[in-house]
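Chains as they are written, first to last, in numbering that gives the first Met the number 0: chain A, 0 to 362; chain B, 0 to 312.
Check each hint, because a few of them may be wrong.
What the hints assert, rightly or not - No farther apart than 20 angstroms at their CA atoms in a straight line, the calculated lysine to any residue pairs in the SDA-like style are these: (1) LYS177/A with GLU118/A; (2) LYS129/A with TRP219/B; (3) LYS166/A with HIS150/A; (4) LYS100/A with TYR224/B; (5) LYS100/A with TRP219/B; (6) LYS120/B with ASP13/A; (7) LYS100/A with ARG308/B; (8) LYS129/A with PRO228/B; (9) LYS129/A with SER204/B; (10) LYS278/A with PRO217/A; (11) LYS129/A with LEU230/B; (12) LYS114/A with LYS177/A; (13) LYS129/A with THR226/B; (14) LYS100/A with LYS114/A; (15) LYS100/A with GLN220/B; (16) LYS100/A with TRP227/B; (17) LYS100/A with PRO228/B; (18) LYS28/A with ALA208/B; (19) LYS176/A with PHE240/A; (20) LYS262/A with ASP298/A; (21) LYS127/A with PRO218/B; (22) LYS28/A with TRP227/B; (23) LYS278/A with THR296/A; (24) LYS100/A with HIS150/A; (25) LYS100/A with THR226/B; (26) LYS129/A with PRO218/B; (27) LYS127/A with TRP219/B; (28) LYS335/A with ASP298/A.
By construction, these hints were calculated from the structure, which means they are not laboratory data. Being a predicted model, the structure only gives us computed values, none of them experimental.
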Amino acid sequence: MARVIIRDLNKKFDAVHAVKDVNLEIHDKEFVVLVGPSGCGKTTTLRMVAGLETITSGDILIGDRVVNELPPMDRDIAMVFQNYALYPHMSVYDNMAFGLKMRGFDRSEIASRVKAAAEILGIEEQLKRKPRQLSGGQRQRVALGRAIVRHPQVFLFDEPLSNLDAKLRIQMRVEIKKIHDRLGTTAIYVTHDQVEAMTLGDRVVVMKDGLVQQVGEPLELYNEPANRFVAGFIGSPAMNFATVEMADADGAIWARHEGIRIKLPAELAGRLRQHVGGKVTLGIRPEDLRLASGSDTADFSFDAVVEVIEKLGSQILLDVRVGPNTMVAAVEPTVKAKVHDRLRLALNPDRLYFFDRVSQAAI
Amino acid sequence: MAVDSVAAARPYVAAPRRGPVTRILENEHWFAFFLLLPTAVLLGLFIAYPFVKGVLLAVTDAKVGVPGNFVGLQNFAVLMNDSIFRIAVWNTILYTVVTTIFKLALGLWLALLLNRHFRGKALTRAFILLPFIIPTVLSTFAWKWMFDPTFSVINWTLFHLGIIRTRINWLGDPGLALISVMIVNIWRGVPFYAISLLAGLQTISPELAEAAAIDGARPWQRFRYITWPLLLPVTMVVVLFSVIQTFADFQLVYILTGGGPANATQLFATYAYQIGVGTGLLGEGAAISLAMFPVLLIVVVVQLLYIRRVETH
Chain A
0 MARVIIRDLN KKFDAVHAVK DVNLEIHDKE FVVLVGPSGC GKTTTLRMVA GLETITSGDI
60 LIGDRVVNEL PPMDRDIAMV FQNYALYPHM SVYDNMAFGL KMRGFDRSEI ASRVKAAAEI
120 LGIEEQLKRK PRQLSGGQRQ RVALGRAIVR HPQVFLFDEP LSNLDAKLRI QMRVEIKKIH
180 DRLGTTAIYV THDQVEAMTL GDRVVVMKDG LVQQVGEPLE LYNEPANRFV AGFIGSPAMN
240 FATVEMADAD GAIWARHEGI RIKLPAELAG RLRQHVGGKV TLGIRPEDLR LASGSDTADF
300 SFDAVVEVIE KLGSQILLDV RVGPNTMVAA VEPTVKAKVH DRLRLALNPD RLYFFDRVSQ
360 AAI
Chain B
0 MAVDSVAAAR PYVAAPRRGP VTRILENEHW FAFFLLLPTA VLLGLFIAYP FVKGVLLAVT
60 DAKVGVPGNF VGLQNFAVLM NDSIFRIAVW NTILYTVVTT IFKLALGLWL ALLLNRHFRG
120 KALTRAFILL PFIIPTVLST FAWKWMFDPT FSVINWTLFH LGIIRTRINW LGDPGLALIS
180 VMIVNIWRGV PFYAISLLAG LQTISPELAE AAAIDGARPW QRFRYITWPL LLPVTMVVVL
240 FSVIQTFADF QLVYILTGGG PANATQLFAT YAYQIGVGTG LLGEGAAISL AMFPVLLIVV
300 VVQLLYIRRV ETH
């Protein structure tokens, strides 16, 4: 077990600056997820921790050792690859035993470790098979097993579930979580799937264009996004955005745009007063919108025209047009709405987000 | 109900009338026959006919201009007592084994180098293919000049480096001639190994090497336990091709030494040519070239069985 510290980490590939000044402290036994769209630098960061990519500048510490110059084998890490990277000519047993053999463990120790890992993963029956005789899920288990038997200081996961179908992915997600709870090994997990990030991570690191956008616990990212990118990336369906004008009228601050006129609660009004007369980006999560009833005031609701209806079962997603903008509202499954219906949506005034139009930072 | 009504609403469409050709082609067996026909004709014309003709010639005493009579295995019996034939057999085996080992080792080494990323990789690859692209006759003539006792650039270099005092007669010395011929064969054959093995290497996911590196395998162990076993099927096919080619090699030796000096570089193919065409003993010449067949057959069968075993395992 060990903590991992990443200090001022940079990676340049010729003209491309892939990772920019990343700073991160991963505590012992913590499960940290790096998440972001493709090309955000998350995998490169992970590969630098693994030693598969050289560091342009900065430091990586595993335990209390600087590992910048150490080859992968001396870093005491184990990695699970996106395409499993199982040795196709070896049996499942040999795949899991390979790392131990290379490190000179004796036969009985190898056998007992492989057996223990196979038991945890439920692949005792498959030990004699070759990888190509296994299903995707089983292969992924073998890849996990290969990491587990080594008892490394840190587990590295590079999008390990992205090749599995949706159902299996959810199942394996739960298993990875269980294994981590059981073994308590520090883990760094890379994914582009925000749901995976939110469900697995003790903390989540959101990256974009090589920069860390925000680090926090899953709900912290959801409730208090640092900027417009994080707000839009975390949460499904994604947050609705609209450009609004801030105005001071009738003793209150208003966010106005074609079709929208929202009165800001006192706490928000204080923060946004300096933007009066200017434009900012308003963010509303789909789940914070609902159908207005008679008791809703006009201050916190607006008219919308239904364009598309997506019935998900537990909720209904209404794609609506509000003035020139489109928005998504996640409403109760009991709502009866038809395409082209004009309806009134009410919002939760305590859950409004505002972002600077230039810096994109949360206001 | 809805499904029923849709099915009922569909009008019956009569099958269109078909001509006799269409009817024959719709029979799977005939269709397969017609698809295979062009290949079968070509193979028959250019492979089977010459082979059968060769076998028939080998059991006659045909000479140039004389059709010849059936003599059974007499030609083969003559060969058994022919000391030059025995030299040719030994030379051919030595030639094939030595050059194959060197071509494989050098080709694999080049392929591993080319599989890395470095500047000018594409250009290097193109250059490495050169010996393979240049017509053998042309490049062999160039080598003949390099081995020429008087004009040899190799001798000149060695002399000026102070390594030798007298000129080396590369192709004239019976001990050196076979080695010289082997060097040219290796030079010409390495690109084929390098490019084929490189293609094989590129089908191996780099993630496997990375996984092995993390698993604690050192570079040599990564090659020994991961790369080599995964490359083996490709290697076997390449070696198989190369052994067949080398065993029947003709033009290179013919141009450089013509089998000499004193039969020191005499191979199956050159000797068959010398007897069959040079002296006009067609029957005996055919018998010599046919004598290669059982050996090659064994090599091919063993290797094909091995490839199958590797692939199913």
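Tell me the numbers of any earlier hints that the structure contravenes, in ascending order.
Numbers 2, 3, 7, 10, 18, 19, 21, 22, 23, 26, 27, 28 - these are the hints that the structure violates, sorted from lowest upward.
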